[in-house]
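Asks: Below, each chain spelled out in residue letters.
2 protein chains.
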Amino acid sequence: MIRPRTAPGTLELLPTEQIAFQRMLDVIRSGYERFGFLPIETPAYELTDVLLTKTGGETERQVYFVQSTGSLEKSAAQEEPGLPELALRFDLTVPLARYVAEHEHQLTFPFRRYQMQRVYRGERPQKGRYREFYQCDIDIIGKDGLSPRHDAECPAVIHTIFTDLDIGPFTIQLNNRKLMRGFFEDLGITDGEHQVSVLREVDKLDKRGADAVRETLVGEALGLTEQAADAVLALVAVRSTSHADALGHLDRVLAESTGSEVLATGVAELREVLTVLRDLGVPESDYALNLSIARGLDYYTGTVYETTLDDHPEIGSVCSGGRYDDLAGQYTKSKLPGVGLSIGLTRLFWQLREVGLVGTAESTVQVLVPQLDEAYLPQCLALATDLRQGGINTEVVLDGGKLGKQLRYADRAGIRFVAIVGEQEVAADTVTIKDLRRQDQFTVARDEVVPAVRVELAQPLDVPHED
Amino acid sequence: MIRPRTAPGTLELLPTEQIAFQRMLDVIRSGYERFGFLPIETPAYELTDVLLTKTGGETERQVYFVQSTGSLEKSAAQEEPGLPELALRFDLTVPLARYVAEHEHQLTFPFRRYQMQRVYRGERPQKGRYREFYQCDIDIIGKDGLSPRHDAECPAVIHTIFTDLDIGPFTIQLNNRKLMRGFFEDLGITDGEHQVSVLREVDKLDKRGADAVRETLVGEALGLTEQAADAVLALVAVRSTSHADALGHLDRVLAESTGSEVLATGVAELREVLTVLRDLGVPESDYALNLSIARGLDYYTGTVYETTLDDHPEIGSVCSGGRYDDLAGQYTKSKLPGVGLSIGLTRLFWQLREVGLVGTAESTVQVLVPQLDEAYLPQCLALATDLRQGGINTEVVLDGGKLGKQLRYADRAGIRFVAIVGEQEVAADTVTIKDLRRQDQFTVARDEVVPAVRVELAQPLDVPHED
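Going down the list, the sequences are from chains H and W.
Residue numbers for the first sequence, in my numbering: 16 to 482.
Residue numbers for the second sequence, in my numbering: 16 to 482.
I should point out that these hints are in silico values taken from the structure, not numbers from a laboratory.
Here the structure is a predicted model, which is why all the values come from computation and not from measurement.
Among these hints, one or two may not hold up.
Copies of the same chain are indistinguishable here, so a pair counts whether it falls within one copy or spans any two.
[As the list claims (entries may be wrong)] In silico EDC-like cross-links for lysine to aspartate or glutamate, where the CA-CA straight-line distance does not exceed 20 Å:
1) LYS350 with ASP414
2) LYS348 with GLU369
3) LYS219 with ASP41
4) LYS89 with GLU100
5) LYS158 with ASP414
Please put together the full structure from these sequences, using the hints given.
Replies: Structure representation (structure tokens):
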């Protein structure tokens, strides 16, 4: 006998939790489609030489390789086996780059795609960190340019989705890498690598605190002057409190610049993003300038985003992304700039569950038809068929048992309605409907059951399901 | 530069095809939920010792193992490396068994679950055979018994789904392993292994033809008498043409039996399945007795199913399954009988595309807002927001270009409506709506756009989208 258990670093859910998770996936998908993004899916694994073209040692160490029994034997027989031929994707961006380059001539640009699939990283398992997790990505890929207006569309989608997810107030925070880069050039920090190192250090502000970061900035490795370190720390402290305030901050940053063109471009891009966000009707309370955002990844070149839950800043960013210049340089000569955002749903779900923001959902089953008496099974089956044909998710108890036990099952499972067909009901050609949530019941004529249940289902229910 | 390409044996779709595929997934999910099945998902990989407990060499050769870089190095350093610790699932049944055994005390039985995920097999790639493919499974797992009524519920779901998929007439074909086993015992073939060998041979009827199968049956290896071979071939030729005809066949099989109890049980089970199928309102034209169905797998013990498309018998079974006695004997002492069905969607999609039964679908984007003049971009954005808030999937062209080109894009992409906001429209506070499918257009007041488009979308459209 083998002890049944999942592999470490995976999140497996019970059905009631899976329903809650699936509802979040559905909200995200629906939001992405509402904004005109098209679905794609890619295989879970890629050819290793295709997957690992750009990435350095850090990512490579986290890659999961895939081998069939045959290729295991083959590589065992080799003196110096190379890497296995296949590897699981570690994000959805490299597969997107491969997809766009491979199908370039069959796609229309700007290409807006969404993709919601699992990715794999051989990370050390820890609370809330998974080796297998869902990413829900959108990207807009241009060919020969892509205006910054698109950089506003991504956070607008995210605004719709986080509003629909109904997990409390949130703020989409914006910055721009060009603004940052120009600002550094103004300070005389012109070397790209140096800027990246400073940005990486600044990225640790939340974790290390301003004093520790300041010390590192003026330390030997980064070598900033006291004045430059102060300027950097003042810049990254900027948070806007309204649309007008954001524009005011941008004006000030521009005015204080000693003329960097790249800073001016960054400011202009942010202004355009803010304008389009407002024109798209995103409330100004839900987005803000945050000049501390750097994002860990080096390939962002313009707008960068993070999203935080106002009541749970400890969770950190729940949706991040940005603008990049060249999606697929390793696969094609075409210059493909893009902008995108990613929701790490597995981690987000775990976090929301930890802080009590998602519970177990109401069941997907809307009506349970219990079995009181085997003699009426045909009537129960016919009723279930009518309900199902009316679009109502219905479960029939086929093997009977005590009614009390069947009702308790429905209640525990989060099934709201029970449609009872017993001796009385069959005699009177009626059905008794119990609403377990409202703790209410009523009797309806048999041929009015479907519309009656539909009316009940359409009414908003204020009573939450208690688990 | 690396040539962008997918790994062999995977099916990757363009967005228009992906939409068609996603619609099929949605129909299947909705059907499963309509019948009260609950969703679960399991990790793509399992611990190797958990996954490979039951399976023989054949399956094992097809297993994909998963290794992180670290474990690759470790196993390379070992003199005799064992199997890697992780392996990709090759079906959804073993993960289900592990899931049910692991979470046994948190589940309610009968446990009805659906699961729609990709599985992995290291098969030799060939036309329409994939190494990564979707399975869409339902199973009902009992504890301490599960009546044959449940064996009727699975094909009833499948009936709903294949009706909703709208891919032409189909027949769900039924047999019962006990009937077959009892029949063999009547013929003196009492050894289980021997029966399985005969069943396997009979399973090849479609491929090899009756004569070749007959020859093998009376050959040295299987050793049936001429009379027994004739009886077997007569039995497996049984196909019912109606509900009454099916019951008549069962009466005859029972009458001709020399008293096998197990045959009588099989006949009784099939009768109950047929009765419940009828009571559930499944039309008798859509199911039939087919006593040739054996199913390749040895673990089915009662009802077995296949589903064929009446107009495309060459495709073979598109949905198969059956009843088993013991789902998770390798993980738990609890006896967990079950019944289930599986749709191999990736292969089915490929086959339907080959015979022209799925094309590219209408886009998920319902309205395109083109950009005629940059001056009206704010109006275009506001219109898009209204449409989106009205639940209408809307794409805005953010970077402009010629209207003709934008219209051609919409048409090619399968977007039905174009909502135009130009100088005239802004002046008159209207929007011009083009219906590209009906090749029609109308102008509507700005504040009536959303209801107007909704009315159009709600109307059935007879004009197919031409690709």
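Asks: Hint by hint, note whether the structure agrees.
Replies: Outcome of the hint check:
1. Taking the closest pair of Cα atoms, LYS350 and ASP414 come within 20 Å of each other only across two copies (17 Å); inside a single copy the shortest separation is 63 Å, beyond that limit.
2. When the C-alpha separation of LYS348 and GLU369 is checked against a cutoff of 20 Å, the pair qualifies neither within a copy, at 46 Å, nor between copies, at 34 Å.
3. With identical chains, the CA atoms of LYS219 and ASP41 are never at most 20 Å apart, being 34 Å at best within one copy and 43 Å at best between copies.
4. In the homo-oligomer, the alpha carbons of LYS89 and GLU100 lie at most 20 Å apart both inside one protomer (12 Å) and across protomers (18 Å), since each shortest distance falls under that limit.
5. In this assembly of identical chains, LYS158 and ASP414 lie within 20 Å of each other by CA distance solely across copies; the values are 12 Å between and 61 Å within a copy.
In terms of the numbered hints stated before, the structure departs from hints 2, 3, listed from lowest to highest.
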